[in-house]
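Using our numbering, the first residue of the sequence shown is number 2, and each one after it goes up by one.
By construction, these hints were calculated from the structure, which means they are not laboratory data.
Mixed in with the good hints there might be a few duds.
Said to hold, decoys possible - In silico DSS-like pairs for lysine-lysine, Cα to Cα no more than 25 Å straight-line:
id, residue 1, residue 2
1, Lys228, Lys204
2, Lys3, Lys97
3, Lys253, Lys230
4, Lys235, Lys204
5, Lys228, Lys262
6, Lys144, Lys93
7, Lys262, Lys235
8, Lys228, Lys288
9, Lys230, Lys204
10, Lys253, Lys288
11, Lys190, Lys235
12, Lys100, Lys144
13, Lys93, Lys235
14, Lys235, Lys340
15, Lys253, Lys228
16, Lys190, Lys230
17, Lys204, Lys190
18, Lys121, Lys100
19, Lys235, Lys253
20, Lys121, Lys144
21, Lys3, Lys204
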Amino acid sequence: MKTFEELGVSEEIRRAIEELGFEHPMPVQEEVIPYLLGNGNDVIALAQTGTGKTAAFGIPLLERTDPTNRNTQAVVISPTRELCLQIADDLKSFAKYIKGINIVAVYGGTSIIDQIHALKHGAQIIVATPGRLIDLMHRGAAKVQNVRNVVLDEADEMLNMGFSDSINEIFDNVPADRNTLLFSATMSKDIERIALNYLHDHKEIVVGSRNEGAENVNHIYYMVNAKDKYLALKRIVDFYPRIYGIIFCRTKAETQEVADKLIRDGYNAEPLHGDLSQQQRDITMQKFRQHITQLLVATDVAARGLDVDDLTHVINYGMPGDTESYTHRSGRTGRAGKKGTSISIIHTK
Numbered sequence: 002m003k004t005f006e007e008l009g010v011s012e013e014i015r016r017a018i019e020e021l022g023f024e025h026p027m028p029v030q031e032e033v034i035p036y037l038l039g040n041g042n043d044v045i046a047l048a049q050t051g052t053g054k055t056a057a058f059g060i061p062l063l064e065r066t067d068p069t070n071r072n073t074q075a076v077v078i079s080p081t082r083e084l085c086l087q088i089a090d091d092l093k094s095f096a097k098y099i100k101g102i103n104i105v106a107v108y109g110g111t112s113i114i115d116q117i118h119a120l121k122h123g124a125q126i127i128v129a130t131p132g133r134l135i136d137l138m139h140r141g142a143a144k145v146q147n148v149r150n151v152v153l154d155e156a157d158e159m160l161n162m163g164f165s166d167s168i169n170e171i172f173d174n175v176p177a178d179r180n181t182l183l184f185s186a187t188m189s190k191d192i193e194r195i196a197l198n199y200l201h202d203h204k205e206i207v208v209g210s211r212n213e214g215a216e217n218v219n220h221i222y223y224m225v226n227a228k229d230k231y232l233a234l235k236r237i238v239d240f241y242p243r244i245y246g247i248i249f250c251r252t253k254a255e256t257q258e259v260a261d262k263l264i265r266d267g268y269n270a271e272p273l274h275g276d277l278s279q280q281q282r283d284i285t286m287q288k289f290r291q292h293i294t295q296l297l298v299a300t301d302v303a304a305r306g307l308d309v310d311d312l313t314h315v316i317n318y319g320m321p322g323d324t325e326s327y328t329h330r331s332g333r334t335g336r337a338g339k340k341g342t343s344i345s346i347i348h349t350k
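Generate coordinates for the entire structure from the input sequences, incorporating the hints supplied.
Right under this line is the structure:
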């Protein structure tokens with residue numbers, strides 16, 4: 002097993018990550034870091050959330066950034082505001098001992114004026130959602146002509162969410178001789194198309210199996226009559242008094258309904274879906290992260306980019322439409338070497 006020092010990570014960053022409890026590099030870091038420290042090394046890494054990928058791209062980004070130069074040198078693009086904030090926070094903690102580095106997160110749904118102001122001070126690294134970055138580029142606030150590194154995180158999600166035009170526009174505005182790193186859970190046709198258009202002679206790194214590390218996840222399903230689904234859910238929750246989990250529903254209405262019933266029945270639950278205001282969603286997420294809330298009842302979209310390490314259970318109350326979503330949902334638990342359980346409540350229809 003290699004150390005971070007052997008991977009070529011500088012002393013300042015090693016100090017910060019050791020304080021965060023990183024002892025040894027995770028497989029994705031061991032693969033990606035040394036490669037990304039070089040120039041002209043494009044990568045597609047097939048890796049799920051929870052594999053340590055933020056450090057895998059974040060550490061080399063920081064190593065390759067010159068803190069004395071105020072120009073924007075790296076751009077990280079991710080699908081949701083939550084993920085942007087998470088990545089920016091992680092990068093800031095890795096960069097704790099690097100003087101003069103400024104990392105700014107920009108995303109929609111919040112004041113663009115504040116973000117323009119933050120960028121004016123010179124941000125060497127911008128972490129952004131695609132739409133907001135384009136908006137800031139059009140206004141001349143985000144200047145990407147000196148960018149050396151572009152990271153697309155959860156690229157498959159961004160394409161599913163309809164951001165491909167924005168991604169194309171961003172690539173058209175950054176220098177051709179940049180490094181590009183694309184993280185995706187799956188290798189779809191669309192991802193291959195981006196690779197052909199925008200990556201130079203890239204290396205493909207697969208972390209875990211190509212179908213992700215669900216080895217630590219125990220999968221269980223219960224067949225019930227449609228009318229008994231809620232009873233089954235209550236029974237599961239009662240059976241695991243120390244449960245800390247996400248209950249996935251298919252629609253916003255179902256999410257609200259299930260959360261209301263659970264709360265009414267005395268369970269520590271809260272809903273998370275797109276009809277809630279951004280502020281409500283932030284408060285709910287924060288309470289869930291801090292274990293104040295035990296059960297989060299959520300739609301797939303609302304739970305994107307929700308990175309919580311020690312979930313014990315993922316419960317599929319409304320089954321997802323495809324295996325990929327199921328894999329993505331169940332991949333929320335059993336992370337970082339811990340065991341988790343994915344339970345599906347399937348009605349006989």
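TODO: Measure nothing beyond the straight line between the CA atoms of Lys228 and Lys262; if it is 25 Å or shorter, mark the hint as holding.
DONE: Given pair Lys228, Lys262 holds - Cα atoms ~14 Å apart, limit 25 Å.
TODO: Mind checking the alpha carbons of Lys253 and Lys230 for me, to see if they're no more than 25 Å apart?
DONE: holds, 17 Å
Open item on the list: For a C-alpha distance cap of 25 Å, please report whether Lys204 and Lys190 respect it.
Closed with: Status holds; Cα separation ~17 Å.
- [ ] Starting from Lys228, check that the Cα of Lys204 is at most 25 Å away, please.
- [x] Outside the cut-off at roughly 50 Å; violated.
Open item on the list: Holds or violated: Lys3 and Lys97, Cα atoms, limit 25 Å.
Closed with: holds, 23 Å
- [ ] Assess, step by step, whether the Cα of Lys253 is no farther than 25 Å from the Cα of Lys228, and give holds or violated.
- [x] holds, 19 Å
- [ ] Below or equal to 25 Å on CA atoms is what counts here, so check Lys253 against Lys288.
- [x] Holds, because 20 Å separates the two Cα atoms, which is no more than 25 Å.
Open item on the list: Hinted pair, alpha-carbon criterion (25 Å max): Lys235, Lys253. Please report holds or violated.
Closed with: The hint holds at about 20 Å.
Task: Lys144 paired with Lys93 [C-alpha distance capped at 25 Å] - done: Measuring from Cα to Cα gives roughly 21 Å; hence the hint holds.
Open item on the list: So if I understand the rule, the pair passes when the alpha-carbon distance is 25 Å or less; does Lys190 with Lys235 pass?
Closed with: Since the Cα atoms of Lys190 and Lys235 sit roughly 41 Å apart, the hinted pair is violated (cutoff 25 Å).
TODO: For the pair supplied as a hint, Lys262 and Lys235, confirm whether the alpha-carbon distance does not exceed 25 Å.
DONE: holds, 10 Å
Task: Restraint check for Lys190 with Lys230, where alpha carbons must lie at most 25 Å apart - done: Violated. Lys190 to Lys230 sits at ~37 Å, over the 25 Å cutoff.
Taken one by one, the earlier hints fail for this structure at numbers 1, 4, 8, 9, 11, 13 and 16, listed in ascending order.
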